[in-house]
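**Student:** Kindly generate the complete structure, drawing on both the sequences and the hints.
For reference, the chains in residue letters:
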Amino acid sequence: MNPIRYTGTAMLLHWSVALLIFAGFGLGLTMVDMTFSPLKLKFYSWHKWIGITIFALVAFRLIWRLTHPAPALPTSLPAWQRKVAHYSHVAMYALFFAIPLTGWLFSSSKGIPTVYLGLVPLPDLLTKDMGEAILLATDPEKPFLLSDLIRLAHKSMNYLLGSLVLMHIGAALKHHFIDRDDILGRMIPGPKSRP
Amino acid sequence: MRLFAIPLFAALLPLAAEAQTPATVQMDKSFIRFVSKQLNVPVEGRFKKFSAILSYDARKPEASKVEFEVELGSADLGTAEADTELKRKTWFNTDAFPKAKFVSSSVKLLGGDRLEITGPLIIKGTTLNITTVASVKTDAAGISVAEGKFPLKRLAYKIGEGQWADTDTVADEVEVRYRLTFSSKK
Chain A
82 MNPIRYTGTA MLLHWSVALL IFAGFGLGLT MVDMTFSPLK LKFYSWHKWI
132 GITIFALVAF RLIWRLTHPA PALPTSLPAW QRKVAHYSHV AMYALFFAIP
182 LTGWLFSSSK GIPTVYLGLV PLPDLLTKDM GEAILLATDP EKPFLLSDLI
232 RLAHKSMNYL LGSLVLMHIG AALKHHFIDR DDILGRMIPG PKSRP
Chain B
6 MRLFAIPLFA ALLPLAAEAQ TPATVQMDKS FIRFVSKQLN VPVEGRFKKF
56 SAILSYDARK PEASKVEFEV ELGSADLGTA EADTELKRKT WFNTDAFPKA
106 KFVSSSVKLL GGDRLEITGP LIIKGTTLNI TTVASVKTDA AGISVAEGKF
156 PLKRLAYKIG EGQWADTDTV ADEVEVRYRL TFSSKK
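The listed protein sequences derive, respectively, from chains A and B. So the first sequence is numbered by our numbering: it starts at 82 and just counts up by one. So the second sequence is numbered by our numbering: it starts at 6 and just counts up by one.
The hints are simulated quantities; they were obtained by calculation from the structure and are not laboratory data. Hints should not be assumed to be uniformly reliable.
Ranges between beta-carbon positions, derived for each pair [unchecked claim]:
no. : chain 1 : residue 1 : chain 2 : residue 2 : range
1   : B       : T84       : A       : G271      : 58 to 64 Å
2   : A       : S237      : B       : S111      : 55 to 61 Å
3   : B       : T95       : A       : S244      : 39 to 45 Å
4   : B       : K154      : A       : F178      : 36 to 42 Å
Once the Cα atoms are required to be at most 35 Å apart in a straight line, the calculated DSBU-like pairs of lysine-lysine come out as [what the hints assert, rightly or not]:
no. : chain 1 : residue 1 : chain 2 : residue 2
5   : A       : K191      : B       : K65
6   : A       : K223      : B       : K92
7   : A       : K223      : A       : K236
8   : B       : K53       : A       : K236
Not the full set, but computed from the structure, chain A residues with beta-carbon under 10 Å of chain B [claimed, not checked]:
no. : residue
9   : L122
10  : K123
11  : Y125
12  : I193
13  : G199
Heads up, the beta-carbon is just placed ideally off N, CA and C, and yes, glycines get one too.
**Tutor:** Right, here's the structure in full:
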């Protein structure tokens, strides 16, 4: 039988990843428009550290999810909503991995190594020379480089994830306050049995 | 005896003359790079414009002389905003101090192909002695390659002042790596 709630480990992972996504997204949006300063360099480093942390936590979370069944959805939930919920979760998991990876690739393509917490150097996935490979030269003054493509991919996937997260939050609140079912309750720590 | 000595001496002359001619650097086979640590992340930059001359005699390495000049405004860190930043007053202040200059004052043979080169390095109006160990290889075609590195304390030269003086963001020590290829052909 499925449990009523997610396990404590799953909740801890969910909420810490949620917090890190907001922090990483906020830092990313802020840092790109900042004028060059020590703080800007720090923001870039923190943004990268957050991305790597999310990647690691989500990898662990995926293994946890596959070995610990998720609590059942209410039987009242229509089939199409189950389907949308399933695929949007799959998409979010895919982006949790793809976004840090493209960020790391982008950093490598600019010739800047990534050092987790300033302590653990990660291997460079690309060289700066590879990043400078010209993909499109419609404007010879400003050709479109491989590093530009990676940046675009990183940015687009972030906006896609941002939309999915908003949908996720919106759906959770709708179920809790309008449908008054127990979908959100499954991810909130509380008493052992359902009232 | 006399008959022998003159042609031998004459034969040695062009060799000696060739060795004394300062050789100029071949840009496509040379580089001057610098590695700074930003929040403990090693970031490599390079200078696109520099010049160097070498007077090197493989038989008398201690009489060698090395000079180089670097156009500090040609520093390339990979991003346009970092390159612009480096030209500013707090960094190289390239308007007032466009060039870095080094002239060797002593060259010691350490053994093998290794030379210890010492001399004043001038950056941003500050002159400090630096020492570097270079490996110098010369091939039959008269091409000499000098390769080595040396540490440099950026704050001693006031490179990165004000908010950038904080070494937690950018470390004080910067490693300069060079490979200079010289052709002695005239």
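**Student:** Could you run down the list of hints and mark each one as holding or not?
**Tutor:** Structure-based check of each hint:
no.	hint	in the structure
1	B:T84 with A:G271: 58 to 64 Å	49 Å, violated
2	A:S237 with B:S111: 55 to 61 Å	58 Å, holds
3	B:T95 with A:S244: 39 to 45 Å	41 Å, holds
4	B:K154 with A:F178: 36 to 42 Å	39 Å, holds
5	A:K191 with B:K65	44 Å, violated
6	A:K223 with B:K92	22 Å, holds
7	A:K223 with A:K236	19 Å, holds
8	B:K53 with A:K236	31 Å, holds
9	L122	6 Å, holds
10	K123	7 Å, holds
11	Y125	8 Å, holds
12	I193	6 Å, holds
13	G199	4 Å, holds
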